[in-house]
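Top to bottom, those sequences are chains A and B. Counting with the numbering used here, you get residues -3 to 282 for the letters of the first sequence. Counting with the numbering used here, you get residues 6 to 412 for the letters of the second sequence.
Because the hints were derived from the structure by calculation, they are not lab data. A few of these clues could be false.
Stated by the list, open to error - Simulated crosslink set (DMTMM-like; lysine to aspartate or glutamate; CA at most 20 angstroms straight-line): (1) B:K166 <-> B:E156; (2) B:K204 <-> B:D123; (3) A:K118 <-> A:D195; (4) A:K17 <-> B:E65; (5) A:K9 <-> B:E65; (6) A:K39 <-> B:D128; (7) B:K142 <-> B:D123; (8) A:K118 <-> B:D192; (9) B:K166 <-> A:D26; (10) B:K166 <-> B:E143; (11) B:K281 <-> B:E305; (12) B:K205 <-> B:E216; (13) B:K142 <-> A:D195; (14) B:K166 <-> B:D128; (15) B:K204 <-> B:E156; (16) B:K142 <-> A:D26; (17) A:K39 <-> B:E298; (18) A:K17 <-> B:E11; (19) A:K39 <-> B:D123; (20) A:K39 <-> B:E143; (21) A:K17 <-> B:E103; (22) B:K281 <-> B:E381; (23) A:K17 <-> A:D280; (24) B:K105 <-> A:D41; (25) B:K281 <-> B:E298.
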Amino acid sequence: MSSVASSPSSLRKPTYVVSAKAWLLSRPVDLWTYRDLFFLLTKRDLLATYKQTVLGPLWFFVQPVFASLVFSVVFGLIVRVSTGSLPFLVFFMTGFITWSLFFNCVNQVSQTFLINRHIFQKIYFPRMIVPLSQITVNVLNFAAQFGVLLFIIGFYNLAGTHIELSYRMIFIPLILLCLTTFALGLGCLIASWTVRFRDLNMLVGYGLQLLMYASCVFFPESIVPANLRWLVDLNPMAMLILALRSCLFGVEHYVLSLPALLVLVVIAIVGLWSFARTERNFTDTV
Amino acid sequence: MSVVIEAQNISKRFFLGERNRTTFLEEWTARTRDVVPFLLRRGKTGSHHGHRREFWAVREVSFEVYQGQTLAIIGENGAGKSTLLKILSRITQPTTGEVKVYGRLASLLEVGTGFHGDFSGRDNIYLNGTMLGLSRKEIRSRFDRIVEFSELADFIDVPVKHYSTGMYVRLAFSVAAHLNPEIVILDEVLSVGDTGFQKKCLDRMAEIIREGHAAILVSHAMPVVRRSSQMCLWLSHGRVVMFGSTDEVVDRYEGESAEELEARKGAPSARFVSWKAESRLSSDPHTISTGHEAVTFRFEVELTTAVPEGQLGISFTNAQGLVLFSRHLPLQERQPDQIMVVLTLPSLPLSPGSYSISCTISNGNGSSTVIRGIPELRVTTERTSDGPLGILSLPGSSVRLERVRSQ
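Make a model of the complete structure from these sequences and hints.
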């Protein structure tokens, strides 16, 4: 307040400027100004997941294990996918929790504008706070599930099935950074489109399901037929899941695919760009 | 005096029709509909954006607000007031122009947005507060005052989904009232809980303005505008009709509105001429003394259109917008002329204060017009024992103590 009272207006810097020429509605520096909102939203969403269910946090651990058991039966015992030296459960669970992280991020980020439109129509804050906090919540959930995975691996080792972990595990945070960037970009891109076309959400559900089958979640890279290789080479998620398994277990020596990396970067940039564009005017159409 | 808001040449364009088309399928049908005739008529002039009629909600608006000043924005519904506020508060980007804002701006349009039912009042104060731009530290230092203001101390750790609507709104408003912004935006409709709490909110608003902060007020009530703002911006169809001192702008607004209303189809039109109250105890025509004296009101109104069949209504409203009393009078076969409406009341036992009088003329088909520019009614009292509490000041009422006999 005191800063407003003193100094003539010509010398003062405006707190903010709303301009038709501005490319961004919210300045990136506002992300820092509103950091407390980010923390509280993250906390709220974390707690909200656990408050709703009877089993509470337990669900979070039961669900991936259960799903991985189902996959073990279908893909391991019936389809008989080769998972090398790794037990089915460990192999599938690694793929499944990584895919879930990606799927949940994209799914939630893509609904940012629709779900929060009542807030966005009334209050200003950098809209990007919402997707960022959703992604953080999902990463924290992933960390918990990853802990369960390590626990299961430890259990296997005790039971006599030797599973070796690789020192390259230290690269996993880097992989997660790439994964969340990709999810954020794709989510933002879809979020911008769904503002105009509500029915797109349905399409996105199917699209992501198809992408899952092209992302080596349930099978190693080695069984992909040569004529479908391009699906894996161009798919950032296949690259990231393979890289993660490779870093964790030292199996499937996987080289980063340059085309997939390019796709990742392009989608991230286009996604963030459309988000910024939508943010400026979306209340006019929703 | 330093400027706190500087708006230059603000415009906002909407595309009509865009809002309704929300599915992919519809978009493609619409596109084909545009593109096919466009291809067929290639070379000819004509817009292929036929369905996207453009509409300027705000057009070339410029104004400044200085520190310690209250600016009122007036105009008919749809004049662009809310769009302008949305631009100021960074909800949407203008199509042209630039606004510079110096200091934190808080709009009280946003009361209670972002509350989460599963969380306690405490959690929601923090969440809502940070959403409105406070830091957690700032909220912590104001927390006790917020809770005290909301009168919800006993329920602060209860999830807000168990709150009544009134409690919910009270909590939300208490957060908004403690933002300590440099600039406040007040929308007219402040329907916050019970009348007692409403008064508390209005007082708090007045206090914020008195502390020297700037305010922007959107209102249809001209007495309120005259009383609380120094500058006034009159918008019509998105454009500035007049920007200047409140008295000048409101005088012209009220003078011109009669002709403007005439243009509106179907609705009857009338102009306020004068009114006076005749009572034995007061000589001022707009002041009466509360009590059991009979009072006669004489309203002179000029009908500027013929009213074949309809009615004229007069109502008294208190400062919080509560209608206290109203009477209707049927009108038949009225030609444009001056009419005098005489309303006699055996007594008008109102508490001392200011009351607005509104007069409405409606015709048979349901369209009606509010006659504007009616000066307020002041009610005074000689007896100091009539406290200012409550709506009524009942004459002849008494209160005393009586001994309770115990055996």
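Status of each hint after checking the structure:
| no. | hint | verdict |
| --- | --- | --- |
| 1 | B:K166 <-> B:E156 | holds (17 angstroms) |
| 2 | B:K204 <-> B:D123 | violated (30 angstroms) |
| 3 | A:K118 <-> A:D195 | violated (25 angstroms) |
| 4 | A:K17 <-> B:E65 | holds (15 angstroms) |
| 5 | A:K9 <-> B:E65 | violated (24 angstroms) |
| 6 | A:K39 <-> B:D128 | holds (10 angstroms) |
| 7 | B:K142 <-> B:D123 | violated (23 angstroms) |
| 8 | A:K118 <-> B:D192 | holds (13 angstroms) |
| 9 | B:K166 <-> A:D26 | violated (31 angstroms) |
| 10 | B:K166 <-> B:E143 | violated (26 angstroms) |
| 11 | B:K281 <-> B:E305 | holds (9 angstroms) |
| 12 | B:K205 <-> B:E216 | holds (16 angstroms) |
| 13 | B:K142 <-> A:D195 | violated (42 angstroms) |
| 14 | B:K166 <-> B:D128 | holds (13 angstroms) |
| 15 | B:K204 <-> B:E156 | holds (14 angstroms) |
| 16 | B:K142 <-> A:D26 | holds (17 angstroms) |
| 17 | A:K39 <-> B:E298 | violated (64 angstroms) |
| 18 | A:K17 <-> B:E11 | holds (16 angstroms) |
| 19 | A:K39 <-> B:D123 | holds (13 angstroms) |
| 20 | A:K39 <-> B:E143 | holds (19 angstroms) |
| 21 | A:K17 <-> B:E103 | holds (8 angstroms) |
| 22 | B:K281 <-> B:E381 | holds (11 angstroms) |
| 23 | A:K17 <-> A:D280 | holds (18 angstroms) |
| 24 | B:K105 <-> A:D41 | violated (35 angstroms) |
| 25 | B:K281 <-> B:E298 | holds (16 angstroms) |
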